[in-house]
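Protein sequences appear in the order of chains X and V. Heads up, the first sequence is in my numbering, so the first residue is 34 and it goes up one at a time. Heads up, the second sequence is in my numbering, so the first residue is 7 and it goes up one at a time.
Just so you know, these hints were derived from the structure itself, not from any lab. Keep in mind that a hint or two might mislead.
Dumping the calculated DMTMM-like pairs for lysine to aspartate or glutamate here, alpha-carbon to alpha-carbon at most 20 angstroms [stated by the list, open to error]:
hint	chain 1	residue 1	chain 2	residue 2
1	V	K650	X	E313
2	V	K573	V	D600
3	V	K650	X	E274
4	X	K314	V	D649
5	X	K76	V	E447
6	X	K76	V	D118
7	V	K658	V	E723
8	V	K596	V	D585
9	V	K573	V	E583
10	V	K650	X	E281
11	X	K76	V	D125
12	X	K76	V	D710
13	V	K411	V	E726
14	X	K76	V	E128
15	V	K658	V	E529
16	V	K658	V	E447
Examples of chain V residues toward chain X, derived with CB under 10 angstroms [stated by the list, open to error]:
hint	residue
17	M43
18	A47
19	N59
20	S707
Even glycine gets a Cβ: it sits at the ideal position worked out from N, Cα and C.
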Amino acid sequence: MQVPARFEYEVATSVEGAISLLQRYGSETRLLAGGHSLIPMMKLRLASPEVLVDIHRLDKDLRYIRDDGGTLRIGALARHKDVLESELVKEHYTLLTDAETMIADPLVRNMGTVGGALANGDPAEDLPAAFVALGAEVVARGPDGERTIAVEDLYTGPYETVLEPVDIITELRCSRQPAGSAYFKVERRAGDYASAAIGVALNLADGKIEDVRIGMCGVGSTTLRARETEELLRGQRPGAELYGRAGERAAEESNPLEDARGTAPYKRDLVRVLVGRALEKAVERAEVV
Amino acid sequence: MVATPRHTMGDRMPRKEDGRFIRGKGRYVDDIRLPGMLHSAILRSPFAHAKINNVDASAALELEGVHAVITGADLAAQGLAWMPTLAGDTQAVLATDKVRFQGQEVAFVVADDHYIAQDALELIEVDYEPLDPIVDSRRALDEDAPVIRDDKEGQADNLIFFWDAGDREATERAFQEAEVTVRQEMFYPRSHPAPMETCGCVADYDISTGEMTVYMTSQAPHAHRTLFAIVSGLPEHQIRIISPDIGGGFGNKVPIYPGYVCAAVASLILGRPVKWMETRAENLMSTSFARDYRMTGEIAATRDGRILGVRSKILADHGAFNAHAQPGEQYPTGFFPIFTSCYDVPAAYAEATGVYSNKAPGGIAYRCSFRVTEAIYLMERMMDVLADELEMDPAELRRKNFVKKEQMPYVSVMGWEYDGGDYHAALDEALRIAGYEQLLEEQRRAREEGRIMGIGVSTFTEIVGAGPGKKCHIAGIEMFDSAELRLHPTGKAILKLGVKSQGQGHETTFAQIVAGELGIPAENVEVREGDTDNTPFGLGTYASRSTPVCGAATAIVARKVREKAKKIAAHMLEAAEGDLEWTGERFQVKGSPDRGVNMEEISFAAYTNVPEGEEAGLEGVTYYDPPEMTYPFGAYICVVEIDKGTGQIEVKRFIAVDDCGVRINPMVVEGQIHGGLASGIGIALMEVMDFDEEGNHLNSSFMDYLTLTSMEAPKYELGETVTPSTHHPLGARGVAESPTVGSPAAVVNAVVDALSPYGVRHVDMPLSPNRIWSLLRENGVGA
Ligand SMILES: Cc1cc2nc3c(=O)[nH]c(=O)nc-3n(C[C@H](O)[C@H](O)[C@H](O)COP(=O)(O)OP(=O)(O)OC[C@H]3O[C@@H](n4cnc5c(N)ncnc54)[C@H](O)[C@@H]3O)c2cc1C
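So here's chain V without its partners, still in its complex pose (with noise of 0.2 angstroms):
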């Protein structure tokens, strides 16, 4: 059955991609089988740390079925046995020297299949030598550290980055002056994005032609394809990056693996295509990883509530190999910068430290945009600090010192400069919907029943959408991001993006923009993604970019095609340009409603009945460099209960308000709300990936990390405010990350006050059932 096309902006469209994912059409990495095609496997470290001696891999090398092994001395032979990192960093590729992490890569068997190739790495043998490692960032800097990257000509400790910003003195002298001053630390734990499908790709060499086709699980295929040439030395123009369906992203796919270059590299060798694709227990172990953020947080206030000063210090852990995802080298901690989040403070600090340490490298921004959910946590926890301190509302003491919806434009203290927000309409919101009131009477009641009831608030602004390209740079590519859109002489359109959706629903959501511009059904316009061959070069899908920049962009290409077709519609209805009006729908000659033509009749006389002067055809490309960076905002209520006896925590309610501009399909947008409500309740209750003493990965499958299920997940409760963005074509923002960054404080903030009559002021994430019962008893509650 085919629906009749009619959907345009802002409706509750259903997602045009989704018919092929329920019916399990979706075509994966993984489902791609070349003929010719080849398997492999990556042999892995054990240790965390250690010196390698010998690679033999001569026994794999007879068994039958076994194509080749490549170690890290075959590709430093090449000059390949390390390539550079997102943050200016060297990766090793395969390890030479020594091995940095557990579950890094050693050798690379390519075979008939993956069974073989499987049971090729049991026949390579390594003589390691262990070595002292580092697991706990805190000893990175110790006088008797171990040197990890001992490769590094002047690196004698582990330090990889000093670096602060803000007033310093400005905000000491406000902490000098202020009647309050609260402190706290915290460690914001090692997480991992977990996306359902691991990393992969099928690197296709074609000896004839010279040109590599690498099909590959990619949030950024453009940029991919431009690293892939400065890496590897073939022209750019040769390689061709397809990004197929992807089953989730959330950052682990932004940057460039080992297996990626392994297995072009043995494409190149064998000229037969070669595929990779990781194992749950290889993507947990050895992609990039997120958060790891030890950090004290402080706050100067008045007696009264009203902020004076904020400083935060942070020892940031980025493992062994510094791959951090960051929008240029002056952004070491990302975005972190926006820690005085929503809130008029007047003086601010940070500092942060970061380290080299023997586990994985990274980090990366999971569902987060660069490092904003460590700064939200980081201040949300601490207001919650001051209210307890100042025995104050958690919720009045946000609303005494929100930015004023007057105040916008804002330029914070840190120098941000939000696209408008009204916080006090989005928290009354909330509270409202929590019905705030009768919940604080509900948990007098439930204390003197003995019942242990929480309620969180956590309140923030996100910052996303990098650009501008002036401000922010992939490898030295300014973070613009582009569209092209042709219409069809039947008036169906093509899209073309620079971005590329991992679930979020681009093919939906871009084509009614189109809609909503052209006033065509949005059934009517496709939309392709993720082939550098033919797509418009941009820098991809992460830090909830596509919107705010892809979006504008989509948007102004469509309002461009919309000028030649009103210059075509003139010829048509033989009248003045000047005499004409859009009704959203057609071009009519103002004052006589009759005489108009839609866009598929524009269409058609594109290609049929040009006027003199113009060229056939109706299409048209941008490039977009947003002015300023978007900040979506949002309130948000956690309610919980806990149980005495066992230490399980059950989140009763969620009550999410959000704010992302004008919403291009509502529904689109809950539905990123709540995949991101349940990643960030899951940090904060169960998410994170632990090591033993030795640098021993303790959560490689997801019996072991634990991600949150729809079992443990509430109802949640959404609620909207609608602020437009200033400087947006369309008034939107992005929004995918926003519950992410929100929500691990409200669910923290909620337990702590739980636990308040006990005389507890914080716990550390994740929020085991163990570690709650210890608090309990440690804290004289029995059951």
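Isolated chain X, as found in the complex (with noise of 0.2 angstroms):
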């Protein structure tokens, strides 16, 4: 058995009190949400928080998704599940359904939760991808309030994020219902993190790409945004020779690194064939409404 090393654990039992106990406790408290990432990384001591803040009591104020108006709006108890069950994201934002079939494996979809995902800062890590690519944005609670954050501004380096260590993810929020989206990942077996994947939404006007956004995963030290090809896309007509060079654009973007998962030129390779199959894809969807 692997075991952690020695912890502190409270249950919070409201949003606030949770940030109470994080401001308690001080910067080596951590929250446990799903477990499925902060506790094999205790058990193979490579984080050793003193102090665990449990959140899972809060399931009632935070497991949720639900639209607003046309906002979609994720609790951040939300369980990879509930995502991947979810008509409301399937209809309107295929690519997450797309990403959580090949997030993982069952086990840890009904644990995992997307607030977590997100949280967790690992530039593999599939949600924050297909989030960058639907511009959502993340609702953060700390000591002095709310504030939101875009997905893709919340990454600073492999597990850092701009939160501070009082703040508490609370909810997930996007204004933007794009009319097709796609997300395609290569693994080298279910349930691996991506050796590449890539996540597109877009909007069609007049048969053109109105307006389109593309997150990338695993391929850089954080999660990516191609913007200089969302900008080649832009106004064109869609089409295999624009998706071959649009493939060629983000893999010019993309800054993967070696690891077990492949060789730097492999991956960025992956970029370029994935980044056509998603547009092609999100096209096909977005023609189809």
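Take each chain as given, in its own frame, and dock them per the hints.
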């Protein structure tokens, strides 16, 4: 049995309560949501927090997925499984459904939370890339109240975010509803983190790509947004030749490192291929609408 | 609900043991909690190769809740710092002089609980002096290579053995005279059996009686007890090894590991039960690996595809200590000499060089009977290389060279005597299921459309069921096996075996054997294994030997019991023994079918009404030494499609026709084949133990050591042919390893076939998407 180092354990009964526990115990305190990133790290003793503040009792406040007048709101404690099974998500934010079918396995999806997936800051985590493509923002609450942060601005490095130790993510908010979206991932095996993954969300106007956002996962030291590629695509008529050029540009924008999942040139080429495929799929879905 | 007892030999009887496993009621070593039990943890080396200057455990000893810290020096004082391996080498229990692989055992902490034990590890200070490691076996014999085993007197380099077999000159001649010769280098990479349950034990020394009980994850409890007695000096009759339920073995639980020895020593010192249970990382890093063979294969043939000779050369990496699982010192490459396989090869020669490296010791037979996987992989890859050279259909080339059924019992040029086989029939059946002609057509179309599709064929014979005792032994003990059967007054039976199931379904299949022999339902036969105090001495379960050896013992002991039953039946029926006949369900008087008694009635009489001059009771014991091994065989076909963009391989279809002779329980056989195919396809596609240049282990969790999941597994298409074994009393052979032996080559052959239009002739495993992508791009395939 792999066992973590000694730690204290508190259970929060409200969001405010969680924040004050974070304040009381100081910087070596961590929130515990689904525990499917944090506990493995603690067992391997890669993380040794002194105190855990368990927020699982906050389900009644923070576990929801709803449409609020065209804005998608996902509570931080919504599980991967909830996202996967949501009809709302499937209909309007299909790339999230795409991504969820390839995140981990059913056991992890039953426990792992959207808030945890965003706060963790693993550059190979899928949901942040999908949310970057959607243009979503996280709602973070701290002792001084609430603020919103665009997902693309959340990360400063691997496992590093702009969140303060006393912040808790309460919600994911997405006011943009794309006409078509898609998420493509290459994994060595089901349940593996991405060798590379791409999320695309776009709108069409007069048969042209009007507004497009691309999130990239596993190909940089943080989740990436392919801004130049988006620029290249805007106002263009979709088609194989355009997708090819977009893929090449996105590959240049990525910055992968070699690891067990592949060499840098391989991952860069995956970006090229997957951007093409994701664009094609997203356009196809947008055209059906 | 209790189902009516009704199952017998040959039925698809649901497994008796599954009720308890499905309900979570299995009892594994880690479920054992004894009063006063202590826990333990092992400090392991962070270096692949380093000198140990000092081990200071004083701070750890001061931690509250720590009962003992045992170091190599402590063991050395008792003469226990080193232990013998299955291959006649020595292995450090706890390192004294040097560490020789990353993850090697350095100190053993005993504490009140796991947490304290783990915390204490961080307080032990070891002064290491890192040394240059040997990670690549090709460097092991370099002039300037550091000597890993400087503990061994007279060991001036890293050579373990040089071995050869076959007729070197005759083979050389065949190559000189042949119209065509082909040659291919290949690497069968290091993999790990990775059972779900890691290794562990609870050692319980009773100071009042002097008895040592060890609950242990052991595939071979009796052999382990004898080895324990030899290593520890404790009297064998006072050692009891109990293997409770085991969560998979695959060869990993055949060797004795340092943790077992340390737990036993700790219990001896402290007089309390001590549990040792590996973590996943420890299991993957330190226990026996498999494969790690660098091979060169060569075939000499005629232009029309008749094989004239086969040659192979091996560089075998056995890690830091030679803990190779082998049935005797005469087999340093296990049963690799089976490599001429199901083909009628007139001349063959193999040579191997075994070397030490700074990696975990081994290797064991991961779901393969002693290096047969390596041998078959080599041969099946070479057959495709030859087919490619001759521009001949791979199935056709195989058919042309098969040993014919009329040649059975066939003695191969390497000296093995095959117990029957019809290789043409198995291949024909596989081709029929696959719809081979349509598949070829489909492939032509796919290629026109620019899709990359491949078809791989692999045909093979396995060799399983060691003994015979005169040819095979473990630490000198001949490889027979045993069964003890007793029928009780109400006709219910208990069968005790020398083997030990780790998921193979013995409680079901062995009961079915008795049922078939005695005409009682299998539900009425309880099978007991794994407790050395309560089962006859046997060599254990590995190398697919349970059915060939212990299954035979079971059939024979049941027949012995039936012989005695006949005497009692004659007495009951007041007839002469010679006038009785066995119907399969009862004894009856010939010509008078109304006069008969069944086994239940006879059992009762055995305790209430025995004939004069007969002992009471109805039981027997048999030690069975097989006359030869058994040779299950198969024909496999794999269909793959490759994504040009990403290099990902999809296994679209997998057809497996297996012939394991008579099937005792076809459903259990199919279950074993499914599992074996998952292992074999996994090895081909993703399972690998990798190291960096410093010898750091790169796959110490299931996020990094990838095994196949149901998502990657195709829907298996199984078929069978039944050629009874010529010598097994039931006509049965082992089967659970055939699929692991035969499938990797089928997958690789399919992938090479897919890529052959681009000039690819060979790819090494694992066929990772990155590796396939590189091949595609190197050969100008874009996407
Ligand atoms: C076997 C396995 C496979 C996986 N495969 C994938 C995969 O393919 N793709 C993928 O994307 N992910 C994968 N994951 C990760 C999985 O999705 C995690 O569940 C998820 O990343 C974290 O969610 P959690 O609720 O478990 O977070 P936790 O482990 O509970 O927390 C993670 C971190 O976030 C912090 N945190 C949690 N909630 C909040 C909050 N509301 N506000 C602020 N900070 C918070 C915690 O303090 C901690 O630092 C895998 C995990 C496992 C175990």
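Each hint, compared with the structure:
Between K650(V) and E313(X) the CA atoms are separated by roughly 17 angstroms; this keeps the pair inside 20 angstroms, and the hint holds. Distance restraint check for K573(V) and D600(V): the Cα-Cα separation of roughly 19 angstroms lies within the 20 angstroms cut-off, and the hinted pair is therefore satisfied. Between K650(V) and E274(X) the CA atoms are separated by roughly 18 angstroms; this keeps the pair inside 20 angstroms, and the hint holds. Under the criterion of a C-alpha separation no larger than 20 angstroms, the hint pairing K314(X) with D649(V) is consistent with the structure, at around 17 angstroms.
Taken as a hint, the K76(X) and E447(V) pair is broken in the structure, with Cα atoms around 53 angstroms apart against an allowance of 20 angstroms. For the given pair, K76(X) sits about 19 angstroms from D118(V) by alpha-carbon distance, which is consistent with the 20 angstroms threshold. For the hint pairing K658(V) with E723(V), the CA-to-CA distance comes to about 11 angstroms; that is within 20 angstroms, so the pair holds. Restraint check for K596(V) and D585(V): satisfied, since their Cα atoms lie roughly 6 angstroms apart, inside the 20 angstroms limit.
For the suggested pair K573(V) and E583(V), the alpha carbons sit about 6 angstroms apart, so the restraint of at most 20 angstroms is met. With a C-alpha separation of about 16 angstroms, the suggested pair K650(V) and E281(X) falls inside the 20 angstroms cut-off, and the hint holds. Proximity of K76(X) to D125(V) is assessed by CA-CA distance (about 12 angstroms); at most 20 angstroms being required, the pair is judged to hold. Between the alpha carbons of K76(X) and D710(V) the distance comes to roughly 16 angstroms, so the proposed pair stays at or under 20 angstroms and holds.
Simply put, K411(V) and E726(V) have alpha-carbon atoms about 16 angstroms apart, close enough for the 20 angstroms limit, and the pair holds. Straight-line distance between C-alpha atoms of K76(X) and E128(V) comes to about 14 angstroms, which keeps the hinted pair within the 20 angstroms bound. For the hint pairing K658(V) with E529(V), the CA-to-CA distance comes to about 39 angstroms; that exceeds 20 angstroms, so the pair is violated. Proposed proximity of K658(V) and E447(V) is supported: the alpha carbons are some 16 angstroms apart, at most 20 angstroms.
Contact between M43(V) and chain X, as hinted, is not supported at the beta carbon level, the nearest pair being about 14 angstroms apart and thus beyond 10 angstroms. Using the Cβ-Cβ criterion of 10 angstroms, the hint placing A47(V) at the interface with chain X is satisfied: the shortest such distance is roughly 9 angstroms. Using the Cβ-Cβ criterion of 10 angstroms, the hint placing N59(V) at the interface with chain X is not satisfied: the shortest such distance is roughly 25 angstroms. Interface restraint check: S707(V) against chain X, minimum CB-CB distance 8 angstroms, threshold 10 angstroms, status holds.
In this structure, the earlier hints numbered 5, 15, 17 and 19 are contradicted, and the remaining ones agree with it.
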